[in-house]
Every structure is written in C-alpha cells, then in structure tokens.
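With chain A's structure known, arrange chains B, C and D on it following the hints.
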Amino acid sequence: MNNLGLIISALVIGLGLLWLLIRSLKGKEVERRVIFLFIGLSVSVPLLFNITFSEKATPIVRAVFDKIESLPPGSKVLISFDYGPSMAPEVEPMSDIILRHCMIKNHRVYLMGLWATGQSLSASAVDKIIKAEFPDKINGLDYVNIGYKAGNQGVLNVIITDFRKMYATDVDGVDLDSLPIFDGIKSLKDMNLLVSVGGGFPGIKEWVLFAADPGHIPLAGGCAAVSAPLLYPYYPRQILGLLGGIKGAAEYESALMKKYPELTDMPIPGIRMMGPQTLAHMVIMAFIVIGNLSFFFAGRKKQP
Amino acid sequence: MKRQIPIIITFIVGTVLILSVFFPPFERLGEDFSIYFDIIAVFAFFLGGGNLIRIHGDKIFKRRKDWGFSLVTILGFFIMLAAGLLKLWNPGGIAADVAATGSLFQLMYDWIFNPLGATMYALLAFYVASASYRAFRAKNVEATILLVAAFVILLGRTPLGMYVTGWIPESFSILQIPNMAIWIMTSPNLAGQRAIMIGIALGVVSMSLRLILGVERTYLGVDNE
Amino acid sequence: MNGSRRLSLIILAAVLVVFVVSWILHTTGFQGDGAGTWLSVRDGFLVTLAAFLTLAIFSFLYKDNPYYKFAEHLFVGVSAAYWMCVGFWSTFVGNFIPRVSHTLSDFFQVPYKGFNVFYFVPLILGIMLLLRLSSKVGWISRWALAFIVGTTAGLNLIRYLRTDFITQVSNTFVPLLVDWKGIGPFFSDLSLSASGQFMLTLSNWVIFIGVFSGLIYFFFSKEHKGLFGTASRVGIWVLMITFGASFGYTVMGRVSLLVGRLTFLFQDWLGLIN
Amino acid sequence: MKHKLLIGCCLLLLPLLAPAWAQEAPVADTTTDSTAAMQAPAPVTDLTARDKENDHGHGIVLEWTPSVDDDGGLNNVFGYVIQRAESPDGPFEERGRVPIGAGGYDDIGSKERESDGFMPDYVDYYYLVRTLTVDEAVYTDSDIIGPVQSYGQWFNTGRIPVLFFVIGFMILTMYFITKARGGAKLFVRRLAGIEAVDEAIGRATEMGKPILYVLGLGTASDIATIASFTILGRVAKKVAEYQTGLIVPCYDPIVMTVAQETVRTSYMDAGRPDSYSDDMVYFVTQSQFAYVAAVNGTMLRELPATNIYMGKFFAESLILAETGALAGSIQISGTDEIAQIPFFVVACDYTLIGEELYAASAYLGREPVLLGSLKAQDYAKAAVIILAVIGFITINFDWGGFKQLFQVLD
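Going line by line, the protein sequences match chains A, B, C and D. Per our numbering, residue 1 is the first one in the first sequence, and the count goes up by one each step. Per our numbering, residue 1 is the first one in the second sequence, and the count goes up by one each step. Per our numbering, residue 1 is the first one in the third sequence, and the count goes up by one each step. Per our numbering, residue 1 is the first one in the fourth sequence, and the count goes up by one each step.
Among the hints, a few may not be true.
Stated by the list, open to error - Have a look at the derived ranges for each label pair, beta carbon to beta carbon: (1) A:L15 x B:E142: 19 to 29 Å; (2) A:E31 x C:G94: 46 to 56 Å; (3) C:G114 x D:W154: 25 to 35 Å; (4) C:N171 x D:D279: 42 to 52 Å; (5) D:A192 x A:K128: 32 to 42 Å.
Derived from the structure by calculation, the hints contain no laboratory data. From the three backbone atoms N, C-alpha and C, an ideal C-beta is built for every residue, glycine too.
So that you can see chain A by itself, here it is in the shape it has in the complex:
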C-alpha cells in the first residue's frame, strides 16, 4: 500500500511538475488553480496512502540517539515530562520514542515531571509504551514513575543532592528504599543521562542551570519548534543534543527504525505528521524554482 501510494504520488506530482516546467519555459504562466490542486494533492495523497519520508537525523538529534544507543544496558536514564496537554501533540512523540528506545536498550528508566500536568502524561506513557509493548518489564526494577513535585527548579536543587529529601515514595506510594531500582541511587548525580521533554518554564533551561551544569550530568532535551532557537546556545556544552519540534521527533523515529528494522509496527506519529508537510514544502519549493526559471528564460522580457 505504502509503496504503491508512493509510486502513484511520485508519478502524479513528478510528471505534473515536469509538465509545468516545460510549459513555463515556453513562457506560459502557471494558473493559480493548478498550484492549488498540487498543494491539495501533496497533502491529501500522503494522508490517504500513509506516505512517510525517512528523515536523516541532524547531528543535534543524532547526538541524543547515539548517547542512548551507546550507554551499556542497565544504565540509568531519567526522563522528565515538563509539558502539558496543549504542548503534547508536538512533544509527546519525543518522550514516547526516547522511552521506547531506553526500553529496547534495557536501560533503567526513572520518570518524573516538573509540571503538574506531566504526571498524568508520564503515567499514560507507562501504560501506552512500557506496559503495552514491553510487558515483561517490571515496575520498580526496570522502570519507576516518581511523578510530580511542586517547586519548579527548587525540586532540581534538592534532588541533585538527594532524591529522598524530595521524593519519599513513587507515584503508587511505594517507599523508594523498597524499590530495587533505587538501590545505590542517591541523587541525580547517579544518573547516566537526564532527558527533559518540554520547553516552557520550568523546562530544559532549568535542567541545564540547576542540574546538568552544577552536577556535570549529561542532559538531552526535546522541545516545541518555537523554543528550539532559544535553547540552541546550550548545545553541545550544556545539552548534548536537542529534538526540536515534530521534525526532531521524526528524525529520532527514523534513526530508531533504521537501527532496529524489526520494529515494523512501532507507531511513528512524528514521521506521519511530517509526510504531508514535507511533500507540500517540496512542492512549494519546486514552484518557486519553476517560477524563477520561467522568469529568467522565458518571461524576462514580458515581466515588468
């Protein structure tokens, strides 16, 4: 289905563009409705045929993937859910895919949140990914969800010296000391990697200033597209890598798929959302190129 759809859409859109190119080189302007038709097609065809593009991971995304990939199994990774439902469509694919990757690599995962809304989102991630896809993982041994605590960056200030000062129990009310996953874990400094997914306040910036920097702990981040440029100056010294917007999520998903081709039925919301957008972008760029070619080769004399 996917291949057939790809071939059909490539043929339709490719040949169409070629026809337009030839036409415009002859000096004929492209009618607006044709452009509209192309945009409509380039968005609906990938939607209908579920066409996706494999993304090539940019170094800044690659760095996060490589870090999780290169950590030895059983490494301790903390994922913080620092977002709410309104930001979720854009950043939830990131926390999902990173959590999944950690599970595949058999890391020990600690989930928490600096946003009150993060707690239900981390709980749903546990149900959706760990319980559904990795049923043999044991709560308290392979993963734990310690939930949300109020205090914004103050929380980080405390748990960088001692988890137990802030968190007496996990979300289910189980004493941290009775959880095997917390054996020998005193503070954030015992983590091999911190991941903050969010971007508002408190978010990645607070993780840099109050945890990663003072504790010299590796930190990776995932954030909405709008906040990515603001976080860029922290890379790579203070953030080892960053997933920016749905595109970052898509790049990560494709890196994971490439590494583990056996994961055929893994949900890939990032890549799926990128499909229509990418095609539409390319069509728009093709139109700009065609417009300029016709302007230079054919229409120059006629244009004002």
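The following block gives chains B, C and D in isolation, referenced to the frame of chain A:
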C-alpha cells in the same frame, strides 16, 4: 463646542491614564477603563447587529441580487441569537455557561462556526503556496534576498536540507542548511524584527501624543487643523 | 446559458443526493428509545453538514459559486450572533450587572459584587454611542469616541514605550567579541553551538548592524542619499531577510492546518483512514 | 542646530539619572552531600521585614540570610515557610513557601476589601521564617520580627526611566511642532505606498470600478486602526471628488461608527454630501474568518480596482491579499502587526511597513504640526542609535551598569 468638547475629553482621559502609571494609587485606572471599554463594546453590538439586519433586510425586501443568500444570513443570525440569549436546549438553564455541552448554541458552534472557521484558516496553505510562486522571483536585489532567505528556511525545515548538506563536518556545521535556517531566524531575522518593533513603538508613542494633544482628529469626523 | 443552468441543476441534485446518503450512512442505527434515535439522526446530520460546509469553502479555490456564497452568508449570520451572545453573557451579565443591580444579578444568577457608581460611565457612554442613530443628537456619540480614543492613546503610549521601546533598545547592547580565545579556535569552529565563538560574534554584529541600519531606513525627515542612503539600503536588505525568513517559517504551520481539515474529511466523514 | 544638540543630549542623559537596580539573588548549587538527615537545622538569620516600595500598599518584603545548613553544614534544609501573625504571640498562618537557597519573599495580599486574601494597610504584622527539613516534624523557627506595616506610596520610582522618556519625547515633539508652526520647512521623504493611493484612485475612476478599503481586525482601541481612519479620510475625499465607488466592510461596530463619520465628513469636505450613503460603510461580523469569507466574496463579485488594507491584521492577511491579487486589483497595505508584514510585502503591490503606517497619516496631512511630530520621531530614533552605540561600548568594556539603567520595574 461640538468639536472642542471631544478633544478636551481625549486630552483629559489620555493624560490621566499616562500619569496613573507613575502613581500607585491610580494604577488600576487603566484596568478599569479597559473594562468600561468592553461594556461600551456590548452596546456597540446593537449598532453592529442592527446594521447587519438593515443591510441584509434591505437586500431581501428590494429583491436585490443574491437576496436569497441574505435570507440565509438573517436566519443564521436569529437562530444563533435565540440559541445564545435564551440558552435554548441548555441543560443547565439560565445559570449555566452559554456554551454548555448539549445546548443548541454549542452544537451550532461545533458543527457550523468551527468547521467554517477552520476551513477558512486552512485555505492559507493554498494561498501561501500561490503567493510564494507568484512573488518569489529574483526581480531585483531586494526580491532576491527575500527569495533566498525564504528558500533556505523552507529547505531547512524538510529532510532535503540534511540530505544535501549533512556531510559537512560538525566544526563547519553552520554551512548545513538546517543550521543556517536556525541562524537566519535567530540573527538577521531578530535584527529586522527589532528595528521594526522600535520603529512601531516610536510611531505609537508619537501618534498617541498627537491624539492627546488634539492635533490628529480625523477619527472625530473633524478634519485636521 | 441554458446549458450552464442545466449543469448547475445537475450539480445541485448531485450535492443533495450525496448529502442525504451521507446523512443516512452516518446515522448509526436506530436505538430502542426515541431519544437515542433522535441523537443518532442528529449527529449524522451534523457531521454531514460540517463536511458539506468544509467542501463549500474549499470550492472557493476553484471559483466563486453558490455553495461558497451559502457557506459565507451562513457563517456571517451565525458568527455575528455568536459574538453578540458571548459579549452579552460574559461582559454585560458577567462584569456589568453584578456592579449595578442586585435584582438583575439575582435574575441572571450571578453573584452581586456591590454597587459601583463608576459603572454608569460606560453605560452613559454606550447610550451616547447609540444616539448616533438619531440625526439630531448624533454628534454626542463623538464624546464616547473621544473617551475611547483617549483611553487608547494613554494606555498604548506607556505600554509601547515600556515593553517594546526600552526593552528592545537595551537588548541590543551585545558584546562584539564573545570569549576571545585566539585566532585558531575562533575560525576552526563554525557551528551554532556555544563553543563556536565565530558565529556568536558574527550574530552579535549582525544584530547590531541590522537594528542600526533598519532604524535608518525608517528615518522620514532625511533624504536617503550618500552614506545615509547606503545604510538605509542595508536596512531594507535586513528587512527583506526578515520577511523572507518569517514567511518560510510559517509555511509548515499553515500546511498542518490543512492536514487537520483533510483529516476531518477523510477520517470523520469518509472513514478512509484511521 | 545648537538646540537640536542640546535636546539630543538631554534625551540621552535622562536615563542616566535613573537609579540602578540590584540583580536577582544568586541561587546556590547544592553540591556537598551530607549524612545528618533528621537533626534540626540552624534557623535563618538577619530576618528583616519592610513595606514594599512603589506599590499601592498591601505588600511587605521579607529578607533573610539562609540557614547555615542550607548548602553546607548539616545540609538538610528542604525549604522555608513564611508565617505571619497580627500579634507576636500568634496565631501564625502560612503565607508562602520558598525552596532552598532563597533569601527573600514578597508577601503580597489582595487589595480588594471583599476578597479572602485581603491584606489591610497600616496593620501591625509579625513574621517568622521556619526552616524545614524533609521530615515535617523537624524544623527550626527564626526569631519573630515586627511589628511591620504595609502602606501605599504616591509615586512609583521604579518607573522613572519611562517617565524620562515620556517627558523627553514630549519636549521634542512640542519643540518641532512649534518650530513647524513658525514656518520652518521640514523635509519628509516619499512614502511609495501613500503616493500609490492617489494613483490607484485615478485608476479606479478610469476603470469605473470601486475601491475596497479594509480597516482590519483592530478595534477603536488600536492605534493602527486610528491611523487607518486618517488615511481613510483622505481616500474618501479623493473618491468623492472623482465620484468613484467606495466599499468599507467593518469588523468592529465601533470602528464602523467612526468610519461612517470619517467618510461622511470627507464627502462633505469634497462638496458632495449627497453622494454619501451609510451603505458604503457597513458592519459584517465580529469573527475573524467569517469576516474574511465575506470580504473575499465581495472582492470576487465587485472586482474592485484597488484594495487598501490598513490597520491591524492577523492570519487573514494573506487570504485577503491573495484573493485580491486573483481579482486583479492593485493592492496597497499597511500594518503594524510584525508577523503579518511579510505576507503583505509578498502579496501586495505596496506595503507600509510598521512605523510607516503611522507616518502616513502625518504625511498625508502635510500640515506642519504633523510633520513636526515626524521630525521628533526621527530624533528619538537617532537617540536610540546613539544609546545603542554607547550600550555596545559599555558592554564590551564589561560595564554592565549602563544596561541596568534600562531596567523597568513592574
């Protein structure tokens, strides 16, 4: 008299509001005045609604072109107005939120207002494309700069940018198109926006002063000077 | 003329058939009780109506047509009433009534917040505005306008000066050289990261020169000639980069709006994808 | 020339007189570990309480030195609780909590007498700060301080920089207006967008087609909309002279009222009061996309020769401009909505960028008073450039004080 009093009102109200910022006891004046403005706006709705009925009613009675469609407007207007003001089908009665689930008002909002608005908004995808095709031509230096900046950003937001320039080593990573796109957004783009913003701020300040001093008065239907 | 009339009748018939078929298909069945059946029939109609209105708006891309006109006129009527109702309940009943009348507050079941004589100011001004409809005392509506404009001018003057002007100016004070560590490291790391001083330094220069020349472009009382003209030209270029970049950046967001609408059509209406 | 220099210098120096502000207290990193967990921590010291400055009362500022066991010593501090009472013997109620490392708290109450959190002025309050550990039962209270009262100030010194700018700008404007009234010739550069308006009206007359004037989505409380009225007044006058059609669909009822007034007056000034009808300026709806849908329809049905968009515009800017281009109209636009300027620049024939929109109203009038205010704007811009250069230099010599002069306290 008819011309002087409005200008004096503008002067007094404007000056008082400016001064209130510096004197804490009067700080909330601005807030209060904004609430007054909202209330005045509700009265203005009568003007607006009345005007709408007049324009479309006129079309219907005089059987002007497309009068049938004006009937659609009038019907839509009155049904929605009744649904909202009388809270028809509202499960909570008069105390409930006007858009409570199950009310006619909410149904019309969800299935008429919302799809129409969202679709109008979605038309933008088409217009963005046609505008870029039509306007992004390297006609002169300015247009070329515009074109190149837009193109780099577009490329940077698709996988294509990475495929083309991904091989460039990390130490020259600025030459990778996605990074170049980020840099354009954070540096020259920021500079341009800031220049415009400072300009606008000065323009607003100057215009406000002109209004308060009464030298700009077209809005009163009075010609300047 | 006759041909085109016949064509539009055929299209109208086709649209009606599709509408009715869709309505029937989306009516998920007849539940035992009357209420369930009614809800199902209603929901089938609403989904079909929403899809019809969506397509009617999209048809405008081809050309102006009666279906678009219908959707447009319906939209205008419904939306005008929508905002009137929201304004009435939230501002008039929510803010005004609780400050002027205990009886009315009780009637509308909103908590009475105590009488405040100042709330008669907007009442009086609002009535003045309505007097516009009379040709004899219409001039008095200008007093209300003068009040609105005075408020606008006073509030905006300070607001813009504080947030846009003063902060933006002070944000432009940036160092010209960021962490100078010698020529070698300066040119060997051309990346956006914090260790790439070259880009950090370049960015600061670009921001400074960009703001500087951009402002020069906005000079009105000096002829743009000579050195001044060059600076203003650089200013236009910076503005053009800004416009191009913002335009390109927005495209993706706009496309996702269309994805949302098409998902409604393909998924909720036609059931083609899940 | 001397005057100009003097005024310029004054404007530059004004902010220097404003007080500088201290930066936020640095937040400590807690890096040392500790084993003593459940021992009572040392109390906070040097606790002070005073009225909050520059407000209308109802606020008290507390400051203290954190416990020695916060980031050091026993290292068992979890946070601080601020408690308040109306007598030194209590009862104390909790007013707020702050995390470790914090050395201050603003206790701000409600100003509303009716509300629950009302904090009256001129009432004696007593405060203490409790140093918490993770164990709720283990804590140490500080000494009780007080009495302290909150009260309002008459003048907000924190906003002095703004006041300086307001006064400076006012002096500049007044100066140039007086000068212009005195007959001095003031040059104003050409604004292509505005010159195109006259041309476009002529074209519409030749073609026998109307002009569509869109005031945007602003309300009468947007300066951009008010600037647009001035331009509308001018357009309407020309239109009345040429006997061309004019269509002004409005989004806001108050804007419609003002626009009707403006257009009517222009027709009167042009000596054609009978050509005016209230149907030219009408209300559409107060909903963004419904308004756009209707204006779009109007464009394709009436096929106006010229579309003028001036005022506040949002996402609809491109929908309007592209439909207008499709209808083959000449398009002139102007907005101060930064995010929308790119779309207008791309899709319209002429665009007034930001500040140019405000300048246009002065430019159109050509009256000395208005031109004088433009001149003042330019001087302010020159001052910005000079300030930026000074800021640039001071930052590069690590003298941060200059930048701090621009801090405006809320």
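Return the numbers of the hints above that this structure violates; sort them in rising order. Numbers 1 and 5, in rising order.
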